[in-house]
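K.L.:
Take the sequences, apply the hints, and build the full model.
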Amino acid sequence: NKIEEAGVVLPVVGVECRYRQSAKMGDRIRIVSMIDKVPLAKLVVNSKVFNQSGELLCEGKVTLGFLDANTRRPVRCPDSLLKVIEERI
Numbered sequence: 001n002k003i004e005e006a007g008v009v010l011p012v013v014g015v016e017c018r019y020r021q022s023a024k025m026g027d028r029i030r031i032v033s034m035i036d037k038v039p040l041a042k043l044v045v046n047s048k049v050f051n052q053s054g055e056l057l058c059e060g061k062v063t064l065g066f067l068d069a070n071t072r073r074p075v076r077c078p079d080s081l082l083k084v085i086e087e088r089i
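One point on numbering: in my numbering, the residue at position 50 of the sequence shown is 50, and numbering is uninterrupted.
Everything labelled a hint here was simulated from the structure, so no lab data went into it.
Don't take every hint at face value.
[Unchecked claim] DSSO-like cross-link-like pairs, simulated, lysine-lysine; straight-line CA separation at most 27 Å:
1) Lys83 / Lys61
2) Lys61 / Lys24
3) Lys24 / Lys2
4) Lys48 / Lys37
5) Lys61 / Lys37
6) Lys42 / Lys83
7) Lys37 / Lys2
8) Lys83 / Lys2
9) Lys48 / Lys61
10) Lys42 / Lys61
11) Lys48 / Lys24
12) Lys2 / Lys61
13) Lys42 / Lys2
14) Lys83 / Lys37
[As the list claims (entries may be wrong)] Here are the computed distance ranges between Cβ atoms for each label pair:
15) Asn51 / Ile89: 33 to 41 Å
16) Leu56 / Ile35: 13 to 21 Å
17) Gln21 / Arg72: 23 to 31 Å
18) Ile89 / Glu16: 14 to 22 Å
19) Met25 / Ile3: 35 to 43 Å
20) Lys48 / Asn70: 35 to 43 Å
21) Val15 / Leu40: 16 to 24 Å
22) Val75 / Gly26: 42 to 50 Å
23) Val15 / Leu56: 12 to 20 Å
24) Lys2 / Met25: 35 to 43 Å
25) Gln52 / Ile85: 23 to 31 Å
26) Met25 / Val84: 21 to 29 Å
27) Lys61 / Glu4: 20 to 28 Å
28) Ile29 / Gly7: 32 to 40 Å
We put the beta carbon where it would ideally sit given N, CA and C, even for glycine.
P.N.:
Below is the structure:
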């Protein structure tokens, strides 16, 4: 992983999930994940899970921090990742 090679790790610092309805055995699910804004010291990934009928099953977000792999101190988002995100937002 290029981010880890750059000496940065991304620990999970928060998770939120809202369940709307249950998936059933045999359901085919589709997961859609989005990054809404350019990260600075943390990255928030919003996700929605749908069944085969397009019904929303759950939605939530995961917040990741950027830490220096050696010092474990917060750092800014690596430029290589920032460039990829900016191209897609």
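K.L.:
Taking the beta carbons of Met25 and Ile3, is their distance inside 35 to 43 Å?
P.N.:
Given about 36 Å between the Cβ atoms, the range holds.
K.L.:
With a cut-off of 27 Å on the C-alpha distance, tell me whether Lys83 and Lys2 pass.
P.N.:
holds (13 Å)
K.L.:
Starting from Lys48, check that the Cα of Lys24 is at most 27 Å away, please.
P.N.:
holds (16 Å)
K.L.:
May I ask you to test the hint 33 to 41 Å on the CB atoms belonging to Asn51 and Ile89?
P.N.:
violated (28 Å)
K.L.:
Keeping to a limit of 27 Å between CA atoms, is the pair of Lys42 and Lys83 held or broken?
P.N.:
holds (15 Å)
K.L.:
Could one say that the CB atoms of Lys2 and Met25 fall in the range 35 to 43 Å?
P.N.:
About 38 Å separates the Cβ atoms of Lys2 and Met25, which means 35 to 43 Å holds.
K.L.:
Within 27 Å, alpha carbon to alpha carbon, are Lys83 and Lys61?
P.N.:
Cα-Cα ~22 Å, so holds.
K.L.:
Please check whether Gln21 and Arg72 have a Cβ separation lying inside 23 to 31 Å.
P.N.:
violated (40 Å)
K.L.:
Does the structure keep Lys42 and Lys61 at a Cα separation of 27 Å or less?
P.N.:
holds (12 Å)
K.L.:
Below or equal to 27 Å on CA atoms is what counts here, so check Lys37 against Lys2.
P.N.:
holds (21 Å)
K.L.:
Is Lys83 within 27 Å of Lys37, Cα to Cα?
P.N.:
Holds. Lys83 to Lys37 sits at ~12 Å (cutoff 27 Å).
K.L.:
Below or equal to 27 Å on CA atoms is what counts here, so check Lys61 against Lys24.
P.N.:
holds (22 Å)
Taken one by one, the earlier hints fail for this structure at numbers 3, 15, 17 and 26, listed in ascending order.
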